[in-house]
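Number of protein chains: 2
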Amino acid sequence: MKLKCKIADILSPTPMGGMDPVDCAAIGIKENDRIRISGPKGDISVVLICSDQLVKKGTILLSEKVAKRIGATNGHMVEVTYSPSPESVRAIRKKMDGEKLSAEEIEAVVDDIYAGSLSNIEVSAWLTSLYINGMDIEEIANFAKAMVDTGDKVPFEKGPIFDFHSVGGVPGNKITPIVVSICAAAGLMLPKTSSRAISSACGSSDFIETFCNIEVTTDRLKEIGETVGGAFVWGGSMNLAPVDDIVIKIEHPLGINPRAQMLASILSKKLAIGANYLLVDIPTGAGTKIPTIEVAKAYARDFMDLGDKLGIHIECAITYADQPVGSAIGPNLEARECIRILEGEEHPASVIEKACECAGIILEMAGFNNGVAKAREILKSGKAHEKFIEIVVAQGGRADLKSSDLEPGKYTADVIAPKSGYINSIRNKDLVSIAKACGSPADKGAGILLFKKKGQRVEAGEVLFTLYADNEAKLARAKELAERYSPIVIEGMLIKRVTAVGRR
Amino acid sequence: MKLKCKIADILSPTPMGGMDPVDCAAIGIKENDRIRISGPKGDISVVLICSDQLVKKGTILLSEKVAKRIGATNGHMVEVTYSPSPESVRAIRKKMDGEKLSAEEIEAVVDDIYAGSLSNIEVSAWLTSLYINGMDIEEIANFAKAMVDTGDKVPFEKGPIFDFHSVGGVPGNKITPIVVSICAAAGLMLPKTSSRAISSACGSSDFIETFCNIEVTTDRLKEIGETVGGAFVWGGSMNLAPVDDIVIKIEHPLGINPRAQMLASILSKKLAIGANYLLVDIPTGAGTKIPTIEVAKAYARDFMDLGDKLGIHIECAITYADQPVGSAIGPNLEARECIRILEGEEHPASVIEKACECAGIILEMAGFNNGVAKAREILKSGKAHEKFIEIVVAQGGRADLKSSDLEPGKYTADVIAPKSGYINSIRNKDLVSIAKACGSPADKGAGILLFKKKGQRVEAGEVLFTLYADNEAKLARAKELAERYSPIVIEGMLIKRVTAVGRR
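Protein sequence lines correspond, in order, to chains Z and P. If you're matching positions, the first sequence starts at 1 in our numbering and goes up one per residue. If you're matching positions, the second sequence starts at 1 in our numbering and goes up one per residue.
Quick caveat, the hints were computed from the structure, so don't treat them as lab data. This structure is a prediction, so every number in the text was calculated from the model and none was measured. Treat the hints with caution; some may be incorrect.
The list treats identical chains as one, so a pair stands whether inside a single copy or across any two.
Here are the simulated DMTMM-like pairs of lysine to aspartate or glutamate, each with C-alpha atoms no more than 20 Å apart in a straight line [what the hints assert, rightly or not]: (1) K57 / D9; (2) K30 / D52; (3) K6 / E64; (4) K479 / D414; (5) K453 / E215; (6) K158 / D33; (7) K65 / D9; (8) K249 / D33.
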């Protein structure tokens, strides 16, 4: 059927075309079918939307991008025919039916997601199927390989490459620069790529960018890695396994992160930088992604099995995550706490302990004995700080960087203990919501500073935590949330008083 | 955040808004999040698309419909804030996790789908979860009730109401007008609503509209039902359980029709017309929706259990569907074959037999003895034809309607047997594809006429079937498909000759 082009601002992540329902019926096509549009410069297959409100009979609505691709302009006549769904839709159906997919089938799905050939409907069905029916280790390994093939790789010529990854889910986890600096100071290559917050209050990249540049090319990462040893850059600045970014947009509204997708996505990025040794930190506790030790152990086994399939030596650290790591949540606050420790400050102990335990395991993978002791020694000696500054400078930061350069937001509010007692629990998820309400991670000064942690004694009227914001309106909203959520739970020693009533 | 409105042609079934990624980051929102837009006339919650290509920083792209709703015009400043997902997304998550949903949760999902508050991503996840995790009978009954509540009901004052439904999947199933006419001639009220083809070559409504009007209001259907007894109208012309139409658009590209969705959708329409007695035809055979008797029996049990929960007396007929019913596929061809039988023609026997068996069961539900014999008697006596014409006239058709009025397309091609033998099998799905290539159901003359059915002897060179089309190009394409598919499989009595080779 010949239709007249009308070019419009079509808002859609996948290429779409709009037709009048009468024209659709005439060639036997329905909404969300695909149509092939042939213009003077070529063909394109797009997803169809039927609308009698936006499109007139005899015309087809196209975005500027689609029109350009086929060489059509406003008023141009183009040929429109039915176009079958991509073959990968069959693989999605197979996964819906709980079947195992071949390497080729997984590759087809990944390639079509990357190319934008699958609609939101199809990608959502894929992720939901992965969430419910899962994948076995072989499928996940093939999935990771398919993902890495869609992007760039870092062309390291030296090795071995060490890497470190946290599954995430615990607020305040600012150990990356410390772990990297310790390991690099010991002579290891640890070119770490981090991410920004997805649902958390502050990703590693979100606080690292407060004191140095985190956007680099793969060539520059190679250079830094091979000369300085360590790096802490933003993975999103390179084109490593880019299909992940598309998938995240669909996972996000559903609030799911299927195990197969999560594992494949992590490992694809490790494959892309050519990691030989990898430590995976699995924060475990109520209110995190991994609620119990049993679940954490199952993930650890998956990671190690995947490592075997993919030729990466993987070890795992199941870490305590019932409450935030350290005291600070939010970009400048976390950066300050992190750099203070590198400068020699001995508080908060939980950050130092976690960083040294993790660095210690990596050092042992590299052949050192007593890794944790070695890590503490490197931190205490100032060598880690020296290396940290070297990395910061390599990433465009200042050689005279001090923790005191990082200032929290100027609008503050204290949250006070309403009664005396012991801190019984701290709800991570509520703290994350409050920190986000403060403006974190976009507002660099925004966040939370905790003064009390689990098990500590608190008196009525003492400050439990302080909120920081870069503007007054956000502070007010965060304060309101903090009052509503009461994320720090205080109990007396007496949990419940049982009085004998009506006893004979 | 205040943004300037830009009104554009946004192609999307759900309300959307477009913002620049920098603005999105500033208020901490991501693609596919929801935003609340406040204009002078009110608020609306829409799904967010981030685009640095279509939207400039400081502006928000809205469709005319959304802009109108909040009273904004081009250049107007509107307030934009984060808006949480609808509560029903939690119910979708529960179904993903395989949990049973309450009546309220199911109602929330159905209402939000109907209101357009759920995005394609969320509806797709819902359908995929239903497909994989299913629903029990109680959930499906609640699902059907929730669906009927979104639409209109036919306000019948008389009763009881009899109804008839085919699960579909077999081409050429033109029995509806015959069954309705027989039952109405016996004095029953059978106000049948049918559908158009979804994936088939020709739905009941697609061929009935060739000889009478199928679009009526609920009030008119009440009138026809209460005076004439029978009707065969298009359900889509009324607003019965309209949420189904939205769901079909998402099921279609995935090629799924989850059992729970299918059952709830059928029964919601029966609830909407107030059916007291329902016969469900379950066509069973290779190449249909229901491949085996075991699957058919399971569906029959589901239907009867649902009938108990919903207060409808349901019986089921598992019918033969290894090949098309009768000889004709396509609107005019099916209408002609159907009316010929009402006029007294005794061929094809399969159509007469199926229609009388089904009508017979309905007559027995109404208290008649020997229903099938009674149905045959009514058909043979001409009373069914008389009632048929009465219904046709009530639906705006001609009183002198003859089967010969219905002419097949003028472009024809014969498909010839390449060899002699017996018809071993007929592939329904291939015939459907070929009939659609002919132009069915939009082109009323398009379709297929079969001359040979399973088990019959055929000589090389005899015509197996004839293709009809309203235009030459479609005929050519259908012919090409017919040659490629060879949907009629001929075998000699000797299936395979085994020759002893190298035997000592």
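Do the hints match the structure? See the list:
In the homo-oligomer, the alpha carbons of K57 and D9 lie at most 20 Å apart both inside one protomer (19 Å) and across protomers (16 Å), since each shortest distance falls under that limit. In the homo-oligomer, the alpha carbons of K30 and D52 lie at most 20 Å apart inside one protomer (13 Å), although the nearest pairing across protomers, at 30 Å, exceeds that limit. Proximity of K6 to E64 under the C-alpha cut-off of 20 Å is found in both arrangements, the shortest distances being 9 Å within a copy and 17 Å between copies. In the homo-oligomer, the alpha carbons of K479 and D414 lie at most 20 Å apart inside one protomer (9 Å), although the nearest pairing across protomers, at 79 Å, exceeds that limit.
For a Cα distance limit of 20 Å, the shortest separation of K453 from E215 qualifies neither inside one copy, at 35 Å, nor across copies, at 69 Å. In this assembly of identical chains, the alpha carbons of K158 and D33 never lie at most 20 Å apart, being 50 Å within a copy and 43 Å across copies at closest. With identical chains, the CA atoms of K65 and D9 are at most 20 Å apart both within one copy (10 Å) and between copies (15 Å). In this assembly of identical chains, K249 and D33 lie within 20 Å of each other by CA distance solely across copies; the values are 9 Å between and 22 Å within a copy.
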